[in-house]
Amino acid sequence: MKELKKEFREKFPYLKLEFYKGRHEDGKPSPATNQLDDSKKIGEVRTIHKEGELQVRGNMKVSTFENRFREQYGLNVQVFRRSGNIWLQTTTTDHWTLARQNGKGERSEKAYKEMHGK
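Each residue of the sequence shown is one higher than the last, beginning at -12 in my numbering.
In short, the hints are calculated from the structure, not lab data. These numbers were taken from a predicted model, which means no experiment stands behind them. Be a bit skeptical, because a hint or two may be false.
What the hints assert, rightly or not - Listed below are the simulated SDA-like cross-link pairs for lysine to any residue, each with C-alpha atoms no more than 25 Å apart in a straight line: (1) Lys8 / Asp81; (2) Lys8 / Gly61; (3) Lys37 / Arg55; (4) Lys15 / Ser50; (5) Lys(-2) / Gly30; (6) Lys37 / Asn21; (7) Lys3 / Lys91; (8) Lys(-7) / Met102; (9) Lys27 / Asn46; (10) Lys97 / Gly61; (11) Lys(-2) / Lys48; (12) Lys(-2) / Arg44; (13) Lys(-2) / Met(-12); (14) Lys15 / Phe67; (15) Lys15 / Glu38; (16) Lys97 / Phe(-5); (17) Lys97 / Lys8; (18) Lys91 / Gly61; (19) Lys15 / Met102; (20) Lys48 / His103; (21) Lys15 / Thr34; (22) Lys48 / Gly104; (23) Lys15 / Gly39.
Please work from the sequences and hints to get the whole structure.
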């Protein structure tokens, strides 16, 4: 999972992915206790073994991205966005696109650094 998360961060540097044992309800956060260990391989945790790649585009809504992961691979994924110096689950803004989330994260981090002189 580390490699997949790294590739996602390269494309969207102000977003990150976390994988979970169970599905989260719409608008609700995924519990930290259900988070999967990064050292696990995708093949160990996926429950659907369809062939093919998931196309990830900036204009894709977060909710669509998370649903496609579940439908294609049986993986429960949650997108997080940078907010100042912390990471927030995007539960209330899952209707935003990945590009919009990433832009918001970038602006938030820059504002935080300007405010705190970092």
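Here is what the structure says about each hint:
1. Lys8 / Asp81: This hinted pair holds, its Cα atoms lying about 19 Å apart.
2. Lys8 / Gly61: Distance ~10 Å between Lys8 and Gly61 Cα, so the pair holds.
3. Lys37 / Arg55: Holds - the C-alpha atoms of Arg55 and Lys37 are around 12 Å apart, at most 25 Å.
4. Lys15 / Ser50: Roughly 12 Å between the alpha carbons, so the hint for Lys15 and Ser50 holds.
5. Lys(-2) / Gly30: Satisfied, since the Cα-Cα distance of roughly 23 Å is no more than 25 Å.
6. Lys37 / Asn21: With a Cα-Cα distance of about 24 Å, the restraint between Lys37 and Asn21 holds, given a limit of 25 Å.
7. Lys3 / Lys91: Holds - the C-alpha atoms of Lys91 and Lys3 are around 13 Å apart, at most 25 Å.
8. Lys(-7) / Met102: Roughly 28 Å separates the two Cα atoms, so the pair is violated.
9. Lys27 / Asn46: Given that 25 Å is the threshold and the Cα spacing comes to 29 Å, the pair is violated.
10. Lys97 / Gly61: Given pair Lys97, Gly61 is violated - Cα atoms ~35 Å apart, limit 25 Å.
11. Lys(-2) / Lys48: Holds: Lys(-2) and Lys48 sit about 15 Å apart, inside 25 Å.
12. Lys(-2) / Arg44: holds, 9 Å
13. Lys(-2) / Met(-12): holds, 16 Å
14. Lys15 / Phe67: holds, 13 Å
15. Lys15 / Glu38: violated, 30 Å
16. Lys97 / Phe(-5): Holds, at roughly 20 Å.
17. Lys97 / Lys8: violated, 33 Å
18. Lys91 / Gly61: violated, 29 Å
19. Lys15 / Met102: violated, 30 Å
20. Lys48 / His103: Distance ~32 Å between Lys48 and His103 Cα, so the pair is violated.
21. Lys15 / Thr34: holds, 23 Å
22. Lys48 / Gly104: Roughly 33 Å separates the two Cα atoms, so the pair is violated.
23. Lys15 / Gly39: violated, 29 Å
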